[in-house]
Amino acid sequence: MTSAPPVLRLTNIEKIYQTKTIETVALNSVNLTVNRGEFVSIMGPSGCGKSTLLSLMGLLDEPTSGTIEVDGRAVTSYSDKELAGLRNLKIGFVFQSYHLINDLSVVDNVELPLLYRRGMGSKERRQRAIAALDKVGLSARTGHFPSQLSGGQRQRVAIARALAGGPEIILADEPTGNLDSVMGEEIIELLLELNREQGVTIVMVTHDLQQALKTQRVVRFFDGSQVG
Amino acid sequence: MLRHLFTLIWNRKRANLLLISEIFFSFVVLFGVGAVLITTAKNYLAPHGFNYEQVWRLHVRAGQGQKMPRAELDDVLRQVKALPGVRTVALTSGNVPFVFNTNNSVFGYKGKKSPVTNVYDADDHYAETMQMPLREGRWFQSADDGSNHRPVVISQDLRQSLFGNGPALGKIFTWDTPDPNPKAQDEFLVTGVVDPVRMESDFSAPIPSVWLRLLPYDTTHWETANVLVRVAPGAGGVLQEKIARTVAGVTRQWTTEVRVMNDDRLHRRMYTLVPVVGLSIIGLFLIINVALGLFGVLWYNISQRRAEIGLRRAMGATGAGIGWQFLGEMMVVTTFGVVLGILLAVQFPLLNAFDLPVQPYLLAIAAAAGAVYGITALCAWQPSRLAAAIQPAVALREE
Ligand SMILES: Nc1ncnc2c1ncn2[C@@H]1O[C@H](COP(=O)(O)OP(=O)(O)O)[C@@H](O)[C@H]1O
Ligand SMILES: [Mg+2]
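Sequence order for the protein chains is Y and U. Under the UniProt record's numbering, the residues of the first sequence are numbered 1 to 228, in order. Under the UniProt record's numbering, the residues of the second sequence are numbered 1 to 399, in order.
Bear in mind the hints are in silico, worked out from the structure with no lab data behind them. Beta carbons are placed, not taken as given, at the ideal position from N, Cα and C, and that holds for glycine. Be aware that one or more of the hints could be misleading.
Per the computed footprint, the stretches of chain U lying under chain Y, defined by three or more beta-carbons under 8 angstroms from a beta-carbon of chain Y, are [unchecked claim]:
hint, segment
1, 5-12
2, 309-318
3, 388-397
Sample of chain Y residues facing chain U (criterion: CB under 10 angstroms; computed from the structure) [said to hold, decoys possible]:
hint, residue
4, Gly58
5, Ala84
6, Leu86
7, Ile101
8, Asn102
9, Leu114
10, Phe145
11, Gly165
12, Gly166
13, Val227
Restraint-style ranges between C-beta atoms, simulated for each label pair [as the list claims (entries may be wrong)]:
hint, chain 1, residue 1, chain 2, residue 2, range
14, U, Ala320, Y, Met120, 17 to 23 angstroms
15, Y, His207, U, Leu378, 46 to 52 angstroms
16, Y, Gly199, U, Ala320, 32 to 38 angstroms
Construct the entire structure; sequences and hints are all you get.
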């Protein structure tokens, strides 16, 4: 295991948002390595660049400077198509507001990442989606629509969706931010269990110190820089 | 992916209802306009069945309360024909080509009934003057003087309806509801068959027609006579004046008007062109309206779906893939509208609504479908590009 490259390595990352009037330094010389099987939480006040960091880790955006390596390979100068392919294969996302498509059933939502995978038949997609729903304990809800589910259930569907593609890493941006503490607790327990029992690598942004302390490592940010 | 789009559109059918009904509506309008245009164009391209160039028509009047003895009428015809520049002269009824004057009836033959048929009176020189080639048999002539029945020439479409593929020459048919004791002139002896003719206008369909041979006594109660004159190319106003003077020279009461058949044709065609062009312009405006509406709705949809776009990009969709998805969705929505439209449109040929052939309808359906897909693709193009350009990171920000 030690010889395997880290799932993600960010080196000297700087991200500057340039708008017409102002320039915002969202991230400043960030260095972060995420190893296989790790559960890392990221904490920091609002606006300190946590979502920006996740968008870079998720290959949704490019840093102003610095390098991002996925499985030991730098992704600088990758095309839109190559980045999309990498996201599809290696990365699962979980968002604060779930981002489920309301007009698709639970199972159709979970199939979404598989829809963008070349050469996968509809039967296999369905099987994988159901297996992922099984992992989050929602296999009885496949035909429901998001509006028929509670917030916690919706977030579990979103986690199943992130799992369905068999990613190397799940990036979760405040996954319990819209949930009450009981449901939030459920989600954290689910993520911990997936990490522990299935070996899924997870990076999670959270405001909740209790949650963060349950993970293996806490990275703190302030104003675009790591502070611990 | 296509199935995914169908599922998505189907589940969003309520939200897409407006779009679908707009597309349905556009399809129906385009189909209607298309059917009219195609039918009109098809008619326009079909031959008239006669040659209207270098033909004049004379409207000869005997004068208030006066009748026209055949002897004098023949004298007029002879003298006009003798004028240099006049090729042939024929006597006919008032329903000459391209004027608003019709005379129609229904005929029967051995229990078969003809469609509504235009009835023309014609003398022995009519075919030569109108340059109507005979498909079968011959035009009537002086040799028919002794006939016990009225010699007639019929058009090919009338021939088909009365005689099918069997022989027609020498057959005798009657009015659809014949007199129990028919007179000889009401029994029609077929001497020839001509091509279908379109005498109403450049845009009218062929109408089954029959030409009844004018018998000498037919004209004795006439107060006016219609004469067709085929003239040499280049003949003009000078000859027209000469003709008018010639007619007046025979009997001083008689007068004549000389009209050029081609002018009648050009005049008559306005009666179709004006409404057809009007209809097309109205249709065009409706379609532009619908297209703008469509464009707006799509634009709005995409701004509403930024989070979904970001999500899909995060899941591995490329920018181009998103663009194609939106274009594809629009095509699926269009398909729903077009299928509904086609279901309505096929009722016209199925129920034979306007007694028109099937082919223009099918062409109109294909044309309308093609146009609707084209319009929606055009309207969806720019919004789809917009969608393709949305950055993947929005999924993390549109919270
Ligand atoms: N697309 C953008 N354009 C301009 N500024 C941005 C953009 N995204 C984020 N920012 C700015 O970057 C900083 C960090 O934002 P973000 O990463 O969302 O913080 P966090 O998730 O920690 O609350 C903020 O000041 C925010 O206003
Ligand atoms: Mg954030």
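Status of each hint after checking the structure:
1. 5-12: holds (count 4)
2. 309-318: holds (count 9)
3. 388-397: Contact hint for the segment 388-397 of chain U vs chain Y: holds, 6 residues under 8 angstroms.
4. Gly58: With a minimum Cβ separation of about 6 angstroms from chain U (threshold 10 angstroms), the hint on Gly58 of chain Y holds.
5. Ala84: 4 angstroms, holds
6. Leu86: 8 angstroms, holds
7. Ile101: 6 angstroms, holds
8. Asn102: 9 angstroms, holds
9. Leu114: 9 angstroms, holds
10. Phe145: 8 angstroms, holds
11. Gly165: 8 angstroms, holds
12. Gly166: 13 angstroms, violated
13. Val227: Where the cut-off is 10 angstroms and the nearest Cβ of chain U is about 22 angstroms from Val227 of chain Y, the hint is violated.
14. U:Ala320 <-> Y:Met120: 17 to 23 angstroms: 20 angstroms, holds
15. Y:His207 <-> U:Leu378: 46 to 52 angstroms: Hint holds: Cβ distance 48 angstroms, inside 46 to 52 angstroms.
16. Y:Gly199 <-> U:Ala320: 32 to 38 angstroms: With Cβ atoms ~35 angstroms apart, the hint holds.
In summary, the numbered hints that this structure violates are 12 and 13.
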